[in-house]
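As a plain string of letters, each chain reads:
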Amino acid sequence: MPQRLKHVDVVTIGVGLTGSLTALELAKTGLKVVGLERGAPRFTVPDFQSPAIHDELRFSIRKAMMQDNVREAVTFRNSSDESALPIRRWASFLPGTGLGGSFVHWNGQTFRFQAADFIYKTHIEQRYGKKILDPDLTIQDWGVTYGELEPHFDRFEYLLGTSGRAGNIRGTLHAGGNPFEAPRAREYPTPPMKEPYFGALFRKGAESLGYHPYPQPSSNLSQPYTNPEGLSLQQCVFCGFCERYACEHFAKASPQTVILPVLLKNPNYELRTGCQVLRINLDNTGKKATGVTYADASGREFEQPADLVLLTAFPLNNVRMLLLSGIGKPYDSKTGKGVVGRNYTYQTTGGATVFLDDSVNVNPFMASGANGTMIDDFGGDNFDHGPLGFIGGQYVGAIMTGGRPIEFHPTPPGTPKWGLKWKQAVARHYNHAVLVQQHGTSTASRLNYLDLDPTYRDAWGLPLLRMTFDFPENDVRMSQYIADKVVEIGRAMGGKTVIRGGTKRPYTSTVYQSTHNCGGAVMGEDPTTSVVNRYLQCWDVPNVFSIGASAFPQNGSYNYSGTIGALTYWAIEAIKNQYLKSPGPLVHG
Amino acid sequence: MADISRRALLKAAGVMGVAALPQAITPARPASASAQPATYLFLNSEEASFLEAAVSRLIPDDDEWPGALQAGVANYIDKQLAGAWGAGERLYRSGPWRPGTASQGYQLPFTPAELFRASIGAINKALSQAGTPFARMSAEQQDAYLARLETGDKDLGGVPSGVFFEHLWESTIEGFFSDPVYGGNRDMVAWRMIGFPGAYASYYDLIDQHGIKIDRAPTSIGEGPHGGMHMNPSIPAKLP
Chain L
1 MPQRLKHVDV
11 VTIGVGLTGS
21 LTALELAKTG
31 LKVVGLERGA
41 PRFTVPDFQS
51 PAIHDELRFS
61 IRKAMMQDNV
71 REAVTFRNSS
81 DESALPIRRW
91 ASFLPGTGLG
101 GSFVHWNGQT
111 FRFQAADFIY
121 KTHIEQRYGK
131 KILDPDLTIQ
141 DWGVTYGELE
151 PHFDRFEYLL
161 GTSGRAGNIR
171 GTLHAGGNPF
181 EAPRAREYPT
191 PPMKEPYFGA
201 LFRKGAESLG
211 YHPYPQPSSN
221 LSQPYTNPEG
231 LSLQQCVFCG
241 FCERYACEHF
251 AKASPQTVIL
261 PVLLKNPNYE
271 LRTGCQVLRI
281 NLDNTGKKAT
291 GVTYADASGR
301 EFEQPADLVL
311 LTAFPLNNVR
321 MLLLSGIGKP
331 YDSKTGKGVV
341 GRNYTYQTTG
351 GATVFLDDSV
361 NVNPFMASGA
371 NGTMIDDFGG
381 DNFDHGPLGF
391 IGGQYVGAIM
401 TGGRPIEFHP
411 TPPGTPKWGL
421 KWKQAVARHY
431 NHAVLVQQHG
441 TSTASRLNYL
451 DLDPTYRDAW
461 GLPLLRMTFD
471 FPENDVRMSQ
481 YIADKVVEIG
491 RAMGGKTVIR
501 GGTKRPYTST
511 VYQSTHNCGG
521 AVMGEDPTTS
531 VVNRYLQCWD
541 VPNVFSIGAS
551 AFPQNGSYNY
561 SGTIGALTYW
571 AIEAIKNQYL
581 KSPGPLVHG
Chain P
590 MADISRRALL
600 KAAGVMGVAA
610 LPQAITPARP
620 ASASAQPATY
630 LFLNSEEASF
640 LEAAVSRLIP
650 DDDEWPGALQ
660 AGVANYIDKQ
670 LAGAWGAGER
680 LYRSGPWRPG
690 TASQGYQLPF
700 TPAELFRASI
710 GAINKALSQA
720 GTPFARMSAE
730 QQDAYLARLE
740 TGDKDLGGVP
750 SGVFFEHLWE
760 STIEGFFSDP
770 VYGGNRDMVA
780 WRMIGFPGAY
790 ASYYDLIDQH
800 GIKIDRAPTS
810 IGEGPHGGMH
820 MNPSIPAKLP
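First to last, the protein sequences are chains L and P.
Numbering-wise (the numbering used here), the first sequence opens with residue 1 and increments by one.
Numbering-wise (the numbering used here), the second sequence opens with residue 590 and increments by one.
One chain only, chain L, in its complex shape (with noise of 0.2 Å):
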């Protein structure tokens, strides 16, 4: 029998990003606080220390930061008449594990979902009719419009200090900026990062075919900042090693920079690492959460009673645990029916590899996660669909994260795959290619969903995730329109020759793409095609919300951190000023 605990206000399931934002905000209110991290504790100094921390096989190929294969998988199968398999090791995407979780690892990339992105069915439909939608797409709107989530994107961006120009300050467009964001109230807290060569050659590019380039946002200062919480940032040294890293000097906004320093010395909050959730209680009626149990680092169970769940992990061990716990209606994807697990959502990706002359030093090796320079006018609903059949755009940037060999070592076409010509061709064009990448919309499919694995389980026993999901047709066509645009840029860059890119079928498991998974358990406002309201409150169980990118009813062309953050405060706000009052349902499905 697990030991029973004495009982708490809130427990968070995960301390990440959504884990300590949720426990910062509610252990200030006088709540008592536990956070629940499977992980290790880890903190600037010393475990993110040179000279260990610039360790490419380390960090960026065995994935020293990410969730432990050996004991928590994920199933993979590209469709439902297929056996699902382990994905044995990482590679499309690398779920994080440890304190401040993938918020840890992130590259920084700060965006705004568009306004028609939170309203998206309506929108489409409205501008296009609804032939433009294959019959299997099932978009919805997300319950919350850009305008309620505003005053959140801005307070978030001011707690990380992000780096960018503004395009459109409550309406009026302003120079150097995205031309297509949506109005924000006011400028970045900190001007945009320098701008790299291949940056700048993508600005010419661009600029020279009438598209809108501009900084990409970033979390990774270009000045020191200090957020409202009093917590200091430095100055990005563009040192290379960003993505699947941790920032050794204070540069990135993470948990560990811009919220524990100050939530760890909260007397209402404790922080209890290497402490796996196996699922949360549910009282006999089935509609109250009482806790949650959870084996500690030497497998001892302990229940946790506690009168508000939140589930703060990754989004799709959000989703695992509702399934776990047996929290809302599983969804069948045969008789299109439940909810949990629905409208799984990934992102598309791709780009061009441009090769310049010999004579142009690119030195990718300078870089931050997130300074690149980028253009929207293929992003999201910024053109028109009309006469091309699919919904969705992406994002067209420069964006090198940095120049590390054992991942990136481009050869143009032709080159063998190994040997001498191969060696030869990677000493020659190493620092002479720039990539420029797609990034986009992921839309949902009836065919695409997570449930329970029958057959493979985790260290504890239990069932693991399992994952159904192929690119849409929608989407392939999407990104491959996108793909010659971006050819045309990387000859007008100067480039020599043009690698093409985008979205292929059928999605493969052994490719790194985006950590961008969403979806699953989505927000909405009918509770027959969502598993929270648009508070990111269980429908089934009111005292449990689900927070994250699990609740996006579709993915849109952003890294989705910044939409998170937003998201994240707009439901910690509803549980302050509403929830608390009077807890129960905040909708009435």
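Mixed in with the good hints, there may be bad ones.
Label pairs and their calculated CB-CB ranges [unchecked claim]: (1) Gly747(P) <-> Gly176(L): 57 to 67 Å; (2) Pro688(P) <-> Asp136(L): 22 to 32 Å; (3) Asp136(L) <-> Gly684(P): 30 to 40 Å; (4) Trp686(P) <-> Pro224(L): 20 to 30 Å; (5) Glu229(L) <-> Glu739(P): 51 to 61 Å.
Calculated from the model, a selection of chain L residues having no Cβ within reach of chain P, i.e. all distances over 12 Å [stated by the list, open to error]: (6) Leu5; (7) Arg165; (8) Phe302; (9) His385.
These are calculated hints, taken from the structure and not from any lab test.
None of these values were measured; they are calculated from a predicted model.
Built from N, CA and C at the ideal position, the CB exists for glycine as well.
We have chain L; now place chain P onto it with these hints.
The following block gives chain P in isolation, referenced to the frame of chain L:
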């Protein structure tokens, strides 16, 4: 020779606070052909013989830059196979074991150490029966043999040859380009070859000097903490 130039480079990289750099690090071949042979922890002599010959063809030596063998790649692979990675670290290893689709990735029960042992053992057995071990083939014959491993589906003790080749090639790339602390990339030759500076901590003063040529020795994480890794703006970087 290699030792002397390495010491000079270490000094130049700023470990001792020296700002001046010898001109042009480039003209190549810093890894000496007479480098000490590796002491193998995992590989037996027959396995080592195959692996040394194979990595020599995957990334060959030439007049300008040393190849994988000279860079210590066989030594790197040996140390990886002897350690946690070889034993299946971070690899989900529960059955049932079923062949998957290409999208599903690696689905064999072998750990990396088991996979290399089974595959190389099968290769060596077959070639010794045929009369010419891999290491004694001509370079052309070796290339043709490796190409057959790469594209074929020959069974190597339970491992499809294409799966073995993929592991061999990935490990060769890792050993060539990873930090020398892991036993490959000796004298950072692979980094010198492409112009990757290694584990420097700061390019703040250089990033907006577009197109400059970074003309200085790379730095390994083995060369110590902060001071040695910080790129001093006074250290030469020149326009092409």
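Here is what the structure says about each hint:
no. : hint                                : verdict
1   : Gly747(P) <-> Gly176(L): 57 to 67 Å : holds, 60 Å
2   : Pro688(P) <-> Asp136(L): 22 to 32 Å : holds, 28 Å
3   : Asp136(L) <-> Gly684(P): 30 to 40 Å : holds, 34 Å
4   : Trp686(P) <-> Pro224(L): 20 to 30 Å : violated, 54 Å
5   : Glu229(L) <-> Glu739(P): 51 to 61 Å : holds, 55 Å
6   : Leu5                                : holds, 31 Å
7   : Arg165                              : holds, 16 Å
8   : Phe302                              : holds, 26 Å
9   : His385                              : holds, 29 Å
Hint check: a violation occurs at hint 4 only; the rest are consistent with the structure.
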